[in-house]
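Peer 1: Let chain A serve as the given structure and place chain B on it in line with the hints.
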Amino acid sequence: MNGLTYTIPPAIAILAILWFLLRPQSPAAKKTSGPLGDFKAGNPVLMHYRFFPQIRQALSEVDDNYLGEAAPPQVARQARRERRAIARHFLGGLREDFSNLEQMGRMIAAMSPVVNRRQETERFLLGLKFQFICALVWLRLYTGKMPIDQIQYLTGVLGRLAARMEQAMTEINALSAQQPAGRVSV
Amino acid sequence: MTHYELFLATYMKGFDILLFVLVYSRHLQRRLPFFAVYATTILVTNLGTTFVYAYFGFRTSISFYAAWIAITATLLTRSFAIAELCSDILAGYRGIWALTWRVLGLLTVAFLVDAAIDAQGQPHWIQAYGLTLERDIEIASVVILIAMLLVGAYYRLPLDPLQRSLVTGLCLFCVIQIVNTTVFRNFFTQYISSWTTGQSQLNLMNNVWNTVYIAASSLCIGLWCYALRKPLPEPVQAPVLLPAGLYQELSPELNLQLRSFNDRLLELLKS
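Respectively, the protein sequence lines represent chains A and B. Read the first sequence against our numbering and you will find it ends at 186, with the numbers running on by one and no gaps. Read the second sequence against our numbering and you will find it ends at 1271, with the numbers running on by one and no gaps.
Here chain A stands alone, though its shape is the one from the complex (with noise of 0.2 Å):
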């Protein structure tokens, strides 16, 4: 019929899209909900990266010598697999903390009176650059290897901020005890 065939599509793409935005949520992220969200909850804002040394521990060079020299081929290669693999979930380990960073910055803009466009701006398009490197990132740890000590100066950088924002955060903890509750997110 005229222009159903073309007009459909897209309204189904928008009904979907408003599902997304409006979905109704579980109890549980409801008491989590609005801009302060789980940062509100006590939770600390970066968490994996603290694991840092253990994970150096096991994905040592040294250790991985010695498996080459005194394992089997057929175990060594496992071995190998399954430190790529725990490589792998520290990187995913460290996206979350990098998530939870780039919420915190939302949220204090939005609950802030002021916000500077530029700065909201660069923050949205480095979370784009962030997922999308992370990925091919992601992609090379599974096919290949990654040096150490690259992961270890990822891990200082959230360090680094750690301190300095959990700090902001009693901060704004204490400021939104005033915060009105009851209201869900979208």
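Just so you know, these hints were derived from the structure itself, not from any lab. Some clues are possibly wrong.
Here are the computed lysine to aspartate or glutamate pairs in the DMTMM-like style, where the Cα-Cα straight-line distance is at most 25 Å [to be verified]: (1) A:K129 to B:E1267; (2) A:K129 to B:E1084; (3) A:K129 to B:E1249; (4) A:K129 to B:E1253; (5) B:K1230 to B:D1118.
Just so you know, these numbers come straight off a predicted model, no measurement behind them.
Peer 2: Just chain B now, kept in the frame of chain A:
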């Protein structure tokens, strides 16, 4: 007026009256005055056109113009209600509102200009012109509502159940109407340009358009009535905002670290 059209008109009036009563009994006009005006306009235009149809006949030029005046008034008040809803959801967050209202305003202007240009290209028949304008304004309404929801989701701004129902109803109605109006407009422009379609087919299409319009209206008014079935909770206080200095201090620092994290990841990829 056929029995079918009479049935549709009566059925719709029932819904409109229910919405009108609920809006004023819940004192929604205090919180969302433009939405209350919109609900009133729906009822008044429906009653007015019914009166005109009954008095002057259904297929007369007076009825024709009355119907178009009703559509224009409804579109106008709905547009104001949408703007008010955006403000109701975002304005409490002053920084975000200052950032987004211009974007939403620009989007509105862009879509209105596009609607005017699109309608200008139509044959000089009020139906084709009006239908094009109506469809484009509905597209603009959906885009603005979705942009506002995206901003809200990005910053995790809260949305209360009433706001959620109003947005859902408005979006559903506009989306269904976009499809409905596009199909009818295409049929109509084809009809007036070639005169190959018979009057009976035009009447049939008109009935289909009316039925879909009534179904879409019932769906969204039903949603709003459901949301208004219980007294509204006390108005939520404006959120307590942080000192402006905190954002100015933390935001650049945060972005710097995120940027260095990204740069390092990029180096890692290149190495």
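Peer 1: Compare the structure with each hint and give your call.
Peer 2: Quick rundown of the hints versus the structure:
Pair hint A:K129 plus B:E1267 holds up; C-alpha atoms about 13 Å apart against a cutoff of 25 Å. The straight-line distance between the Cα atoms of A:K129 and B:E1084 is roughly 35 Å, outside the 25 Å bound, and the hint therefore fails. For the suggested pair A:K129 and B:E1249, the alpha carbons sit about 23 Å apart, so the restraint of at most 25 Å is met. Note on A:K129 and B:E1253: the hinted pairing holds, with a Cα-Cα distance of about 18 Å set against a maximum of 25 Å.
Proximity of B:K1230 to B:D1118 is assessed by CA-CA distance (about 43 Å); at most 25 Å being required, the pair is judged violated.
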